[in-house]
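*Asks:* With chain C fixed as given, assemble chain H onto it according to the hints.
Residue numbers (the numbering used here), protein chains in the order written: chain C, 1 to 336; chain H, 337 to 844.
These aren't lab readings, by the way, just hints derived from the structure by calculation.
Calculated lysine-lysine pairs in the DSS-like style (CA-CA distance at most 27 Å, straight line):
1) Lys671/H - Lys281/C
2) Lys533/H - Lys582/H
3) Lys538/H - Lys480/H
4) Lys680/H - Lys281/C
5) Lys763/H - Lys671/H
6) Lys383/H - Lys538/H
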Amino acid sequence: MTTPTGKSSDNPPVPRASLLSRIGSLGPLLGLAALMIVATALNPDFLTISNLSNVLTRAAFIGIIAVGATFVIISGGIDLSVGSMAALIAGSMILIMNAISPGVGTLGIIALGMLCALLIGAGAGLLHGTVITRGRIEPFIVTLGTLGIFRSVLTYLSQGGSISLGNDLSDAYSPVFYGKLLGIPIPILVFAAVALLGGLILNRTRYGRYVQATGSNEQVARYAAVNVTQVKIVTYVIQGLCVALATLLYVPRLGSASPSTGLLWELEAIAAVIIGGTALKGGSGRIWGTVVGAILLVTIENVLNLTSIISVYLNAAVQGVVIIIVAFMQRGKKAG
Amino acid sequence: MPAAEFREVTKVFGPVEVLHGVRFAIAAGEVHALIGENGAGKSTLMKILGGYQPPSSGEVRLAGQPVEFRSSRDAEARGVVLIHQEFNLADDLSVAQNIFLGRELGGALLDDAAMNREAAAALARLGVPIAPTRKVRDLSVPQKQLVEIAKALARDARLLIMDEPTASLTVHETDVLFDLIRKLRSAGVTILYISHKLEEVKALADTVTVLRDGVVVSSGPASELTPHQMANLMVGRELEDMFPPKGTPEAAEVLHVEALSVPGWAQDISFTLHAGEVLGFAGLVGSGRTELFEGLLGLRPRTLGQVRLAGKAVRLRSPGDAARAGLVYLSEDRKGKGLLVDFKLRPNLTLTTLQHYARPLLDIGAEQRALERAAQEYGIRSGRLDVEARLLSGGNQQKLALARILEAGPQVIVLDEPTRGVDVGAKREIYLLIQRLAESGKGVIVISSELGELLGLSQRLLVVREGRIVGELSGAEMNEQEVIQYATGLKVAGSNAMSPHSQALERT
Chain C
1 MTTPTGKSSD
11 NPPVPRASLL
21 SRIGSLGPLL
31 GLAALMIVAT
41 ALNPDFLTIS
51 NLSNVLTRAA
61 FIGIIAVGAT
71 FVIISGGIDL
81 SVGSMAALIA
91 GSMILIMNAI
101 SPGVGTLGII
111 ALGMLCALLI
121 GAGAGLLHGT
131 VITRGRIEPF
141 IVTLGTLGIF
151 RSVLTYLSQG
161 GSISLGNDLS
171 DAYSPVFYGK
181 LLGIPIPILV
191 FAAVALLGGL
201 ILNRTRYGRY
211 VQATGSNEQV
221 ARYAAVNVTQ
231 VKIVTYVIQG
241 LCVALATLLY
251 VPRLGSASPS
261 TGLLWELEAI
271 AAVIIGGTAL
281 KGGSGRIWGT
291 VVGAILLVTI
301 ENVLNLTSII
311 SVYLNAAVQG
321 VVIIIVAFMQ
331 RGKKAG
Chain H
337 MPAAEFREVT
347 KVFGPVEVLH
357 GVRFAIAAGE
367 VHALIGENGA
377 GKSTLMKILG
387 GYQPPSSGEV
397 RLAGQPVEFR
407 SSRDAEARGV
417 VLIHQEFNLA
427 DDLSVAQNIF
437 LGRELGGALL
447 DDAAMNREAA
457 AALARLGVPI
467 APTRKVRDLS
477 VPQKQLVEIA
487 KALARDARLL
497 IMDEPTASLT
507 VHETDVLFDL
517 IRKLRSAGVT
527 ILYISHKLEE
537 VKALADTVTV
547 LRDGVVVSSG
557 PASELTPHQM
567 ANLMVGRELE
577 DMFPPKGTPE
587 AAEVLHVEAL
597 SVPGWAQDIS
607 FTLHAGEVLG
617 FAGLVGSGRT
627 ELFEGLLGLR
637 PRTLGQVRLA
647 GKAVRLRSPG
657 DAARAGLVYL
667 SEDRKGKGLL
677 VDFKLRPNLT
687 LTTLQHYARP
697 LLDIGAEQRA
707 LERAAQEYGI
717 RSGRLDVEAR
727 LLSGGNQQKL
737 ALARILEAGP
747 QVIVLDEPTR
757 GVDVGAKREI
767 YLLIQRLAES
777 GKGVIVISSE
787 LGELLGLSQR
797 LLVVREGRIV
807 GELSGAEMNE
817 QEVIQYATGL
827 KVAGSNAMSP
837 HSQALERT
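Isolated chain C, as found in the complex (with noise of 0.2 Å):
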């Protein structure tokens, strides 16, 4: 009972993980897997390829998001403005597409689209992530401005109705939406890649260590030689990039853009997020987390659609309740 503890009592008993918070760090994972069983126990349609394949291309929009949300999470900052940059970046890409001489031939104007989609996207990261280090404001309030500014533009730039792509235009877009490579449809692929490289990224780069470093402490990286401003901009811009490649995929799924493109985007990206494990107030997170939060969230919805237990008009209240719940487990695994 007395027995000397020696060196080890140099430092202070190191608490072992829990089996409560090891489940918790799963948490997200082990959630998705249970609505997966009781939405195939409840409609055996749940587990086809063609229903499978319909929640994971609808997931992909907002996860490419997400995964862009992720990096500004992580470094302490937040971007509401994804939805109506969407909006914005949809509406602006058809507008110059449509107005480019057909001379360029269909991909070339294709490709140019795409371009100025990913340019608009990086622009407006970099708008945002200038104004907030240099400008000294909180992203919060930068990003509800813009919010409210892309859509707005976007609203004036279509006089309120809808903003359409040309007939042979919008032909020869749409596989990029509706085409397979390999059995796997388009937009799968991309998130699949956009999740890598973002995983890749966060965990074995520089980079990716400066923006956990500066989340979870931004003095500590300031003083420790990392140059917090920059880190902090590309966060931006990766979420400016992250939410013109989800749009240049969705844009050829309807054709047009209208003032309720990408409503609400902003929030199931970061409930995507928040969902996956990342901490709101930044300094940890994981890329994976965020996939499965996307396609959690996407889950729902399919769910309440092949089934009758619960109307569809009550989705985002389950998503809500969902959120809160994941929210509980992991205030639990802090505590422990």
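*Replies:* Frame of chain C; chain H shown alone:
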């Protein structure tokens, strides 16, 4: 009858027992010092007495009565108040609002006038000239401490537990605090005083209890122990001299700073550091020592004549520029600016030198090897290396922070309060490390509020007062009296005489 008594108190965290049957008594109305190395169990013991944690077995008695506190509120209701090292004050509230937090005066509406009046009276009794309407955010560290004490006394504290109250105080402020503690003692308040500063313990305490590895190894009158004996009891072996012998600086300059000004903090600072030299920066807290180096690194707005590193003019716009040029800075604020406490040891160690591990993907294996080597080299002791930095003791955290900046292979090393919150054993290791660095031809600057440390380590001392270098001491003039006279403005060097202008610099 003792004011408080521990009887065979044990405390177990998971598989580890950190207190093994602790038994000692605190007499009513005395200043009782509790000393021991980091990890000896002092904090745990205090938390048990303060009601923050229950003992695993054994009992705590207050005035002869066994007590079982379920919370710190329970303890406060019985007059036991723990004053934390990191203050429990709400920065955005006023002094009076803090003093009355949780037991505000007034009915449905608060009676601010009465609270301000009573707070002012409480502060006046302590002889503390702080306006009760000031925001705590705007107070200095020692002032915050005094507000904490006033808050405790306003709660009728009969037993005050003070955790390293002088850790960030200067000599003068410490004297003020000690006067206050003696005043409280004569008013019948019992004080349990935790400190690493053994000279202070000797000067202040009536009784000293030494804790080592969770057991009481000695408890008796302070008059019977010298600080050296206390240190030996704490570590359980004979301690050699704290300070290694000083080396001799070389002629070559490694750092030359000319005309550095940091608005509001430092005016026209120029100095030179030589290879192999340990240069001390002395001065009161708030004299601008930290800020002048933050300005030098581009962390604060500044104007600068010239900086030469090893004879070459360099531009330092950020800590990154400085690290590339061979100058590193260790912040005094370990948790706020020094270490990512929620990160593991490995990313903490390599944060400043991450470019060496990017190929272009990070080589985690190489990082891990660097950590194992650094743990060996700098004596970072941790049961496992795979833990978060916050789980290390203060001394080991500091060694990790030091290892991080030294990984950059600097020529000039600026250490701001390198031994704050560090126990005796680790302190000596850090002193030896500083000595080793100087011996290898590097230039080391040490900023410290512990005069003994500055005098024991440095070959030359610069004294900063109100943002100016007011004295340069070396050789025989380097003694406590000289430094204090310069630091407090009693003595002014000819060439750097205080101008009326610099008086206006004094911070508010």
